[in-house]
Amino acid sequence: MPELSFREAINQAIAEEMERDDSIFIVGEEVAKYQGAYKVTQGLLQKFGEQRVIDAPISESGFTGLGVGAAMVGLRPIVEVMTFNFSLVAIDQIINNAAKMRHMSGGQLKVPLVIRGPNGPAHQLAATHSQALESIFAHIPGLKVVVPGTPKDAKGLLKSAIRDDNPVIFMESEVMYGLKGEVPEGEYTIPLGKTDVKREGKDITIIAYGKMVNLAMEAAKSLSSDGIEAEVVDPMTVRPLDDEPMIESVKKTNRCIVVSEAWPFASVASEIGYRISSKAFDYLDAPVGLVTAEDVPMPYNKILEHNALPTIEKILNAANSVLYKK
Amino acid sequence: MPELSFREAINQAIAEEMERDDSIFIVGEEVAKYQGAYKVTQGLLQKFGEQRVIDAPISESGFTGLGVGAAMVGLRPIVEVMTFNFSLVAIDQIINNAAKMRHMSGGQLKVPLVIRGPNGPAHQLAATHSQALESIFAHIPGLKVVVPGTPKDAKGLLKSAIRDDNPVIFMESEVMYGLKGEVPEGEYTIPLGKTDVKREGKDITIIAYGKMVNLAMEAAKSLSSDGIEAEVVDPMTVRPLDDEPMIESVKKTNRCIVVSEAWPFASVASEIGYRISSKAFDYLDAPVGLVTAEDVPMPYNKILEHNALPTIEKILNAANSVLYKK
Amino acid sequence: MSDYAVQTNTEEYLSLGRNKLVEMYHTMVLIRRFEESAAKAYSQQKIGGFLHLYIGQEAVAVGSIAAIHKEDYIITAYRDHGHAIARGTDPRILMAELFGKYTGSSKGKGGSMHFFDAERKMLGGHAIVGAQVPLGTGIAFKAKYRKEDAVCLTYLGDAAMNQGAFHEALNLAGLWKLPVVYIVENNMYGMGTAVERASAVTELSKRGSAYGIEGMVADGMNVFAVYDAVKEAAKKARELSLPTLLEVRTYRYRGHSMSDPDSIYRTKQEIEEEKRRDPLEQMKKFLLDEKIATQKEIDRVDEEVKQTVAECVEFAENSPEPPLESMYDDIYVQ
Amino acid sequence: MSDYAVQTNTEEYLSLGRNKLVEMYHTMVLIRRFEESAAKAYSQQKIGGFLHLYIGQEAVAVGSIAAIHKEDYIITAYRDHGHAIARGTDPRILMAELFGKYTGSSKGKGGSMHFFDAERKMLGGHAIVGAQVPLGTGIAFKAKYRKEDAVCLTYLGDAAMNQGAFHEALNLAGLWKLPVVYIVENNMYGMGTAVERASAVTELSKRGSAYGIEGMVADGMNVFAVYDAVKEAAKKARELSLPTLLEVRTYRYRGHSMSDPDSIYRTKQEIEEEKRRDPLEQMKKFLLDEKIATQKEIDRVDEEVKQTVAECVEFAENSPEPPLESMYDDIYVQ
Ligand SMILES: Cc1ncc(C[n+]2csc(CCOP(=O)(O)OP(=O)(O)O)c2C)c(N)n1
Ligand SMILES: Cc1ncc(C[n+]2csc(CCOP(=O)(O)OP(=O)(O)O)c2C)c(N)n1
Ligand SMILES: [Mg+2]
Ligand SMILES: [Mg+2]
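For the protein sequence lines, the chains are E, V, F and L, in the order given. Heads up: the first sequence begins at 175 in the numbering used here, then just goes up one per residue. Heads up: the second sequence begins at 175 in the numbering used here, then just goes up one per residue. Heads up: the third sequence begins at 63 in the numbering used here, then just goes up one per residue. Heads up: the fourth sequence begins at 63 in the numbering used here, then just goes up one per residue.
These aren't lab readings, by the way, just hints derived from the structure by calculation. Treat the hints with caution; some may be incorrect.
[To be verified] The calculated lysine-lysine pairs, modelled on DSSO-like cross-linking and capped at a C-alpha distance of 30 Å, are:
#1 E/Lys395 to V/Lys453
#2 F/Lys239 to E/Lys207
#3 V/Lys221 to F/Lys330
#4 E/Lys213 to F/Lys239
#5 E/Lys476 to L/Lys183
#6 E/Lys284 to F/Lys132
#7 E/Lys499 to V/Lys425
[As the list claims (entries may be wrong)] A few chain E residues facing chain L, derived, Cβ under 7 Å:
#8 Glu204
#9 Asp229
#10 Ser235
#11 Gly248
#12 His303
Where a beta carbon is used, it is the ideal one built from N, C-alpha and C, also for glycine.
Excised from the complex, chain E in its bound form:
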């Protein structure tokens, strides 16, 4: 299988889908002439022209709402937010319009819309530009929320997201765009709402998604050299959450930690923590451990930033703690 970067995988998914279906267009800041703030849309303007690859003014609420409107009448917009931090100025359009339209209209309308872009901290971008916001979107019925962790998953999931008839929040990561991984050649999709076991193990379950999958895999490797086999479970889609495979895994390992780079309070991580705690109640040998971002606005300083986020050490400590080691 060829190796592609996360960026290329996403670019391919968009290009292939746009090729297939002319109701798809992409709109966002710097997506066209500039070739994407993070070069994710590189070459799309040249391929599909300015009717379908559209530079927008800095008006997230305006062009996200425009996307919702266009989706209500049959187009399939892809709205790129330069980062999800900026989706906050558009969140009313997402929560009150995109997510509720079908319900409010009694099923008359659908909103086949993808809102995508990088989420979470990158490199020293400080408080307003370093937010992992998936918990907010995952709270909202009517949305689907996808947070892929590998180039292969990103491509397959994004293609499904674009074909999905519902509004999908698709969260990438600036620091993952360069990450390489094997991506199957030719057409494939990965269904939304299906959890993937990324590594099998019998001693502890590590649940992680997005960027954190890679950290979890590294931690698992490290644990393995200590004789502990971790099962790494990746929901990929955080809403709807396919928790069955997580519960199954914990029934086998009896121990679990959840890793996420979002803030801890009322989060996807604590949701998963709660679900495991209650649904695998009789199987847990230790409380579910969480490894999340610290509960602080992100500081600019590099060292503080590193320490405000999950690290391998923190994962190993949490693992050891639920394994009652040291």
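For this one, chain E is given, so just place chains V, F and L with the ligands on it according to the hints.
Same frame as chain E, now just chains V, F and L with the ligands:
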């Protein structure tokens, strides 16, 4: 003690504080001439004049941001949102400006701001007007989030919120405004971030806040007639969450349910569920049960609406379930 | 503006033909009676939530929708009864929606603020002030993207212009030359706040200049004035793909919603004064003066409407409540 | 606009006095050298995150801040180095902030985009485009509420005007007559998007008319032109409590941020052309032509600045990293 409505209690708190400190002003839609969309600000214009009681255009982002700016330079604004549903158009100002200002400025600035108004469903207002949004705000470091359940608590907490030097989200309820309860005469405050045991019991802990406190109390009464004594625990402030008294309670009762009218996923309720599950791990005789709003946009129909929300029956069922009765 | 302003383009209006003219009157009367009936049902607690009546503003929906094609789109805010009825939605399913019934246009999930008729390209019914403006802009974007010969009428209130969503959407429409007609129904108040207490500029159509969008003003109490203005704006949208910001000066007779104590912010006298421009009366007078209809025919319209509204209520009353499980339907397309 | 436009009010500028004039030049040079030095440190990875350079725009911060009082407030976006320096913040603590050090103006928590100096009423440094505009409006509200003799200069980029927050804030300022001067630093691009590709109206100052706010335009490469315009606008704010929307035409020589491949959207030639209007060169020429300073004095300014900047870097280098626990500080006032 005199009986006051929730509305009157809040009105008193605002009036007393404005009397005390002329750096406080209130701004929002229809707060002045109209006397408040829900009459919470009745009489304030007459008392304090149009310099301090200010009708705003429908520009939540504008006047919330104006409040943040005024707070940065020493005023103590109270921003009324007509309902918290409309805070979504202002959420960037709340999350990126109000909550982060102190941190980003390295402690140079503070933002003594209260954003208040009704939260949660009222009577058949349908999907966009029936959202209990506390989980979103409670996710954000830098904010405090208060959701009082009784007139007495509302008054004492609001006075503390107004005196607090941090941005406080203060969530009331349209359907509670008429609710009466005893309110102490004279000056008193209730500190933010302190959990209150509303009813003592030994058999099960029911954690509830806001409107749900009253439902929980009723359910407790009903359980009591079946010989089950429920302890009703009310955090009042959901961020920062004072979970100690909850854990203490569960250590005694060994069983717990959490009641909230917000959506379940990545919510305050599942956060509490997770915390109890892990911090009282060795004491729980059953998984923590949650009684929340159904995971749906709120339907208009009265019967559907009623059934989309926590009810006494649902609480009793959940209680019986964690008590392993029927 | 004089009361019952004389029609200037009488010839042209006559060319619309008797049927269309009587139908326009019929629709205005239907809207009014439908709402009066809804108000009654509300007071009987058969309807809940918010109920924002359109009474007084009927000429706007009827005049504007009469001026467009059935391929065109419309979208509005929560004060949406008039627009759905004018667009031809079966009023029975609208009344059923108000009653929250399963036969309602949104199966009882939407209520008064969320009338939708996808088939007739009536795209709601939206309850967050100003938030429908980007949607309407996106609908117009689709019309242009697909090279449809269609425009989108996007209605909003005077107070909605102060929302950021309005600003961002109009800039996009001006920049990308989208075939959209923004119709500001200036009824002089946003809830209890008079226009001049909310908008730094009170000549609302001028606010389009910030986006290179031409402004127009029309008398919103006169169905033909609205018709003319929308016709012209829609033509510009259709042929030149240019947006317009059209302010129509109108008035709501009732409170903002059912619970609005409107005496706080306006006088009885003002209301009575405005009622002298009543759009129904103006139209009726035109029909009679121009001998398009006789008093008897007018009476028959009133009678027909009465019966239709009675049927609406009956249909709504007799319709079933939605099954409980239906709350889980229509959230996701499976 | 001609290169090195002749000063029209020479007499008046001379009345500012030699010290102030030389100081203004000094500040402009300091901003430029400070940033060149920061750019170098960035390339050595001593500075991280985004670094948006102000080079080319120095006349705006310096001219505008020279025109106000120390009681006045300023607030800007993420391209904020020039404003803090012009306001008199110790450049050493600013450089330390860029290096993320504990001695930095925000203790290493803010970085380039978040310069604050509360003491000097420099209220940030804000990284969400347009979101500082309501803040600046609120600051002006406070000045009026407290009957202070103060105004708030609220800076924003050309592209920021397309945000809803801008619209809502300007309507409030127009409606409530707040003493705020909105200074749009029109550097012709928002990131890679030229003004005419983002704004339906390109005469940006005209967008104020939607809020009854007077528009002004000034040459942003000429420190006196900026000074004059801001002086006038601030006077209007101070005496009449009226807001102004001032567009200053300027240019950024560098990319949007350090990683910007700006050849995609503009030509080398355009950049060279603009550099001919260089604000530092213009000012230097004025000082020499008017015999306010000799070449030797000019050279001394350059030398002083060089030394200051070297001290900044040294201070930053030698300052300690913030302690880990400090990330939990300054979130809440206890
Ligand atoms: C963002 C938002 N803020 C506030 C409200 C509450 N609200 C509903 S209608 C309304 C007044 C709107 O006035 P206008 O736009 O003039 O329309 P009209 O009601 O006069 O038709 C207000 C304040 C809302 N629905 N959405
Ligand atoms: C709401 C929001 N959207 C997008 C961005 C990313 N972004 C940062 S600066 C910028 C360009 C702003 O241009 P302009 O306002 O002209 O200011 P300039 O950078 O030219 O000084 C963009 C798109 C952001 N920070 N905030
Ligand atoms: Mg109105
Ligand atoms: Mg710019």
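Taking the hints in turn, this is what the structure says about them:
With a C-alpha separation of about 29 Å, the suggested pair E/Lys395 and V/Lys453 falls inside the 30 Å cut-off, and the hint holds. This hinted pair checks out: F/Lys239 and E/Lys207 have alpha carbons roughly 19 Å apart, not beyond 30 Å. For the suggested pair V/Lys221 and F/Lys330, the alpha carbons sit about 26 Å apart, so the restraint of at most 30 Å is met. Between E/Lys213 and F/Lys239, the direct Cα distance comes to roughly 28 Å. Compliance with the 30 Å bound is thereby established for this hinted pair.
Between the alpha carbons of E/Lys476 and L/Lys183 the distance comes to roughly 28 Å, so the proposed pair stays at or under 30 Å and holds. With a CA separation close to 21 Å, the supplied pair E/Lys284 and F/Lys132 stays within the 30 Å bound. For the proposed pair E/Lys499 and V/Lys425, the alpha carbon gap of about 25 Å is at most 30 Å, so the pair holds. At a threshold of 7 Å, the smallest CB-CB gap from E/Glu204 to chain L is about 5 Å, leaving the interface hint in force.
For E/Asp229, the shortest C-beta to C-beta distance to chain L is roughly 6 Å, which falls under 7 Å, so the interface hint holds. A least Cβ separation of about 5 Å between E/Ser235 and chain L falls short of the 7 Å threshold, and the interface hint therefore holds. Interface restraint check for E/Gly248: the shortest CB-CB distance to chain L comes to about 26 Å, outside 7 Å, so the restraint is violated. A least Cβ separation of about 6 Å between E/His303 and chain L falls short of the 7 Å threshold, and the interface hint therefore holds.
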